[in-house]
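**Q** Chain residues, written in single-letter form:
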Amino acid sequence: MCASISEEKMLTLQKQMRESQADLGDFLHDMDKWETEVKKKDEVLKKGKPTEQTKLPPVRNSLDKKKRKKKGKPPGSGEDEKKRKEKKKLSGYDFRAWDKLDYDKLCEEADDEKQSAESSEYETDEEWEVERKEQQALLEKDRGNEFFKKEDYANAIEAYSRGMALDACNPLLPANRAMALLKQDKFAAAEADCLTALTLDPLYTKAHLRLGSARFGLRKYTQAKETFEKVLLLEPQNKKAKLEIEKIEKEILKEKMVSQVQPVTCPDAGLVMPISKPPHERSKKRMRRIHIEEVGLEEDLERQSAIHKVKEEQSDVKKTITARDDVMFEKFTSSSPSSINEQSSFTKPESTSSDKDNKKVMIEELTNGTSELSLNLSEKVKKEKGTSSKSQKTADSPSGSPRGSDGGSESVSPRSLQTPQTSFQFQSDYKSLKNDLEKFYDYVKAIDPSNYLKLFGEALDAEILLKMLIVFQQYFLRDGIMVYPHLCQLSGVKRFDMTVMFFSRKEQQVIKDLLDTVKKEGHASDADVEKLRKKYQVS
Amino acid sequence: MDKPQIIAHIQKSVNFTLFDAKWIPSSAKFVVLGNHARGTGAIQIYEVSHGDATIVKEVEKSKGFKCGTFGASSLQQRYLATGDFDGKMHIWNLEQPELPIYSVKAHKEIVNAIDGVGGLGIGEGAPEIVTGSRDGAVKVWDPRQKNEPVATMEPGEGQDKRDCWTVVFGHAYNQADRCVCAGYDNGDIKLFDLRNMQLRWENNVKNGVCGLEFDRKDISMNKLVATTLESKFHVFDMRTQHPTKGFASVSEKAHKSTVWGARHLPQNRDIFMTLGGNGSLFLWKYSYPHQRVEKDSEGNERGVPGTVNLAQNITMTTQPISSLDWSPDKEGLCVCTSFDQTLRVLVVTKLNRM
Numbered sequence: 001m002c003a004s005i006s007e008e009k010m011l012t013l014q015k016q017m018r019e020s021q022a023d024l025g026d027f028l029h030d031m032d033k034w035e036t037e038v039k040k041k042d043e044v045l046k047k048g049k050p051t052e053q054t055k056l057p058p059v060r061n062s063l064d065k066k067k068r069k070k071k072g073k074p075p076g077s078g079e080d081e082k083k084r085k086e087k088k089k090l091s092g093y094d095f096r097a098w099d100k101l102d103y104d105k106l107c108e109e110a111d112d113e114k115q116s117a118e119s120s121e122y123e124t125d126e127e128w129e130v131e132r133k134e135q136q137a138l139l140e141k142d143r144g145n146e147f148f149k150k151e152d153y154a155n156a157i158e159a160y161s162r163g164m165a166l167d168a169c170n171p172l173l174p175a176n177r178a179m180a181l182l183k184q185d186k187f188a189a190a191e192a193d194c195l196t197a198l199t200l201d202p203l204y205t206k207a208h209l210r211l212g213s214a215r216f217g218l219r220k221y222t223q224a225k226e227t228f229e230k231v232l233l234l235e236p237q238n239k240k241a242k243l244e245i246e247k248i249e250k251e252i253l254k255e256k257m258v259s260q261v262q263p264v265t266c267p268d269a270g271l272v273m274p275i276s277k278p279p280h281e282r283s284k285k286r287m288r289r290i291h292i293e294e295v296g297l298e299e300d301l302e303r304q305s306a307i308h309k310v311k312e313e314q315s316d317v318k319k320t321i322t323a324r325d326d327v328m329f330e331k332f333t334s335s336s337p338s339s340i341n342e343q344s345s346f347t348k349p350e351s352t353s354s355d356k357d358n359k360k361v362m363i364e365e366l367t368n369g370t371s372e373l374s375l376n377l378s379e380k381v382k383k384e385k386g387t388s389s390k391s392q393k394t395a396d397s398p399s400g401s402p403r404g405s406d407g408g409s410e411s412v413s414p415r416s417l418q419t420p421q422t423s424f425q426f427q428s429d430y431k432s433l434k435n436d437l438e439k440f441y442d443y444v445k446a447i448d449p450s451n452y453l454k455l456f457g458e459a460l461d462a463e464i465l466l467k468m469l470i471v472f473q474q475y476f477l478r479d480g481i482m483v484y485p486h487l488c489q490l491s492g493v494k495r496f497d498m499t500v501m502f503f504s505r506k507e508q509q510v511i512k513d514l515l516d517t518v519k520k521e522g523h524a525s526d527a528d529v530e531k532l533r534k535k536y537q538v539s
Numbered sequence: 001m002d003k004p005q006i007i008a009h010i011q012k013s014v015n016f017t018l019f020d021a022k023w024i025p026s027s028a029k030f031v032v033l034g035n036h037a038r039g040t041g042a043i044q045i046y047e048v049s050h051g052d053a054t055i056v057k058e059v060e061k062s063k064g065f066k067c068g069t070f071g072a073s074s075l076q077q078r079y080l081a082t083g084d085f086d087g088k089m090h091i092w093n094l095e096q097p098e099l100p101i102y103s104v105k106a107h108k109e110i111v112n113a114i115d116g117v118g119g120l121g122i123g124e125g126a127p128e129i130v131t132g133s134r135d136g137a138v139k140v141w142d143p144r145q146k147n148e149p150v151a152t153m154e155p156g157e158g159q160d161k162r163d164c165w166t167v168v169f170g171h172a173y174n175q176a177d178r179c180v181c182a183g184y185d186n187g188d189i190k191l192f193d194l195r196n197m198q199l200r201w202e203n204n205v206k207n208g209v210c211g212l213e214f215d216r217k218d219i220s221m222n223k224l225v226a227t228t229l230e231s232k233f234h235v236f237d238m239r240t241q242h243p244t245k246g247f248a249s250v251s252e253k254a255h256k257s258t259v260w261g262a263r264h265l266p267q268n269r270d271i272f273m274t275l276g277g278n279g280s281l282f283l284w285k286y287s288y289p290h291q292r293v294e295k296d297s298e299g300n301e302r303g304v305p306g307t308v309n310l311a312q313n314i315t316m317t318t319q320p321i322s323s324l325d326w327s328p329d330k331e332g333l334c335v336c337t338s339f340d341q342t343l344r345v346l347v348v349t350k351l352n353r354m
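Residue numbers (the numbering used here), protein chains in the order written: chain A, 1 to 539; chain B, 1 to 354.
The following block holds chain A by itself, in its conformation from the complex (with noise of 0.2 Å):
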């Protein structure tokens, strides 16, 4: 038994063996058939040329789309059929008619519908191409503001002059690149993209802002201020169009101003520039004074403030090399005479006075050219030589006074501050004297006046104005100190006028005190005084 069931179980082992040995070989057999089959197959594939490809449908993202624009259609296609239903419907009963029909004709027209209909789907294919590209458009907008966000404003412009390619009919693109080109103050281009941006949109108060900042930006401040006020009747709260109004206001008339006085500014002719030469190669001559006459100017107040005003805007650059010039003169002039040869001929034993000169003459060559300004500075030069020598005093106190030493002034205690070199360090300075008149008088007084200008800068603070206004009334009347010069060259720092034109009553009361005592002390001719009185907008 059990052998005779191992032998059968041998006996179905072999044959299953013997089975799939044979399904093996069949399979083999198979494949082998197959593979020269399939290699047929390939080599006609790889020669034959690419079959027309069936229609494709479109790139994704735009998928959804066409179903709705297919959905869209065929209302219009399926009543066309109706009608042509109408027309062909033949009675079942009309034989004739049957016998007439010409079903080739039928079957050709069937056709040409199936080709419309393809053209058809063609278009809408078109349609959805735009469609795709808008969708391209806005995601380069999207990169755009990106890279605007992180102030890379040049990529911004890239992205977006992207989209408009794709997308020419979209007001945002345009409107953005014009943001973008403002901050790069590339106001031509950016006003070029606003009026693209509005001629698409018109409505679109943004394009009209940024094409407002433009217009600011190229100086076109009519147009500008035409721009904003747009801006007004399409949103009448909008808060940005009114100040960018105001702010046009303002540099119109300041425009206003400047042109007035142009025509007499066209100054160059005749007019010896400045000349900086480093100390080593200056002229080892003494220097001599130079007077210059006013000829032809008129004492037109207004004007000469606006003159001063387009000047010195104009010379800033020169007016800091003649402050730095300033600077390293006054360093080589009160250094000891052993250090440096060259400068022997200028530190002569009686020095102070004649370097004195020597500045004044200095500053007068090198602003000469350059600036009305500097007409004001010899006058004042002038008059400083006319008067007593009590003003040369207090003229001389700063320059004769070596830096941190405290030789300046005998009388009064020893200073802690020394006299101001920069705007910064009388800012500064002022801080800490603020409240203690007695040791700003100290440190005023010690101030050359000519050097108001450059210590003051760009602004002068109207409490800073007036602080000193107080010390000049205070003090200096009271030690008998000339304020003649002090009050002349106040007058003539940058925005003087603006900041006097805002003082109220009572300050303007210390003002005509002051020139009040001026006048009764004789420091000044009348005229000048008066002259005063109009700068400083006291009647």
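Any given hint could turn out to be false.
Unchecked claim - Each pair of labels, with its calculated beta carbon distance range:
| no. | chain 1 | residue 1 | chain 2 | residue 2 | range |
| --- | --- | --- | --- | --- | --- |
| 1 | B | 155 | A | 29 | 46 to 56 Å |
| 2 | A | 12 | B | 354 | 18 to 28 Å |
| 3 | B | 188 | A | 151 | 34 to 44 Å |
| 4 | A | 47 | B | 198 | 43 to 53 Å |
| 5 | B | 95 | A | 185 | 39 to 49 Å |
| 6 | A | 242 | B | 157 | 36 to 46 Å |
| 7 | A | 40 | B | 146 | 32 to 42 Å |
| 8 | B | 98 | A | 47 | 16 to 26 Å |
| 9 | B | 176 | A | 199 | 37 to 47 Å |
| 10 | A | 47 | B | 353 | 30 to 40 Å |
| 11 | B | 268 | A | 4 | 32 to 42 Å |
What the hints assert, rightly or not - Away from chain A, derived, C-beta distances all over 10 Å, residues of chain B:
| no. | residue |
| --- | --- |
| 12 | 13 |
| 13 | 49 |
| 14 | 157 |
| 15 | 160 |
| 16 | 229 |
| 17 | 287 |
| 18 | 295 |
What the hints contain is simulated information worked out from the structure, not anything from laboratory work. Idealized CB from N, CA, C, for every residue including glycine.
Got chain A sorted already, so can you dock chain B onto it with the hints?
**A** Below, chain B without anything else, positioned relative to chain A:
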């Protein structure tokens, strides 16, 4: 007695690490992808003839190749799309492989998986390629659109990025419908509906998902096999989606090791092979239940999972089987690669009698 037999028909050793193998459609040739020890990428084309595989072409590229597919290419062109270690996706004309015909820096890191649909007459609609990468993103590409993916599925800002190990197309039964299914290292399976551009379903199978495959790409979703670490795989019935419970599934243990992937037989969608981390191959047959759909207490339809039966198994090597591809043209013929640097052409007999 009609158990299918798995026979190693041809073996070839190569001098690089093999990651993927694919039959070139309508030919007796297959292509293998991998990377050399020096970091460069290798593409080799072999032709099967009379019991032997001869090398036809060999190309070396600068970066190692991880995966490839012919899925988005037409039968005439048969262009191979590949994903490389550098995160780039290329499409090659294997006749002129000097320069790629399409190249894009698809991901920041290695492209782990690639799949194509819309070509070869498989799946309707646009030809599209999907790539999944270690950088956590899944991107869908259209060879007609340069540089930009047509769809991107990636974790939002702040969400942690999971390594995407596998990605496949499915549900491409008409021009509009199409799904992408992605598996992640944390066991997440996400099903993205490309038509509605939304996440249709997600599930977590606890273990990292190494392989995913729909039984067919070009039909309304039927079955999905997900293979995972820890020697498990799941078969989801994708026909019926319950509003809360999702898709019903059956899970099975196999290989006593990581299950690297599953490949359905192109000629019979209920038969599939799983690839073991221990060098074994298991052949499975899925049997549907009597009723695939039942109603729950609230009247919602719920899928009923079927059962899987092991039909045959074989251990080829001691190293993991990295890939397997059934020949689309010859039933029972397949090629597999493993990390022992060997490619094998296998013959599975009697598949038609199962």
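**Q** So which of the earlier hints does this model not fit?
**A** Result: hints 5 and 13 break, sorted rising.
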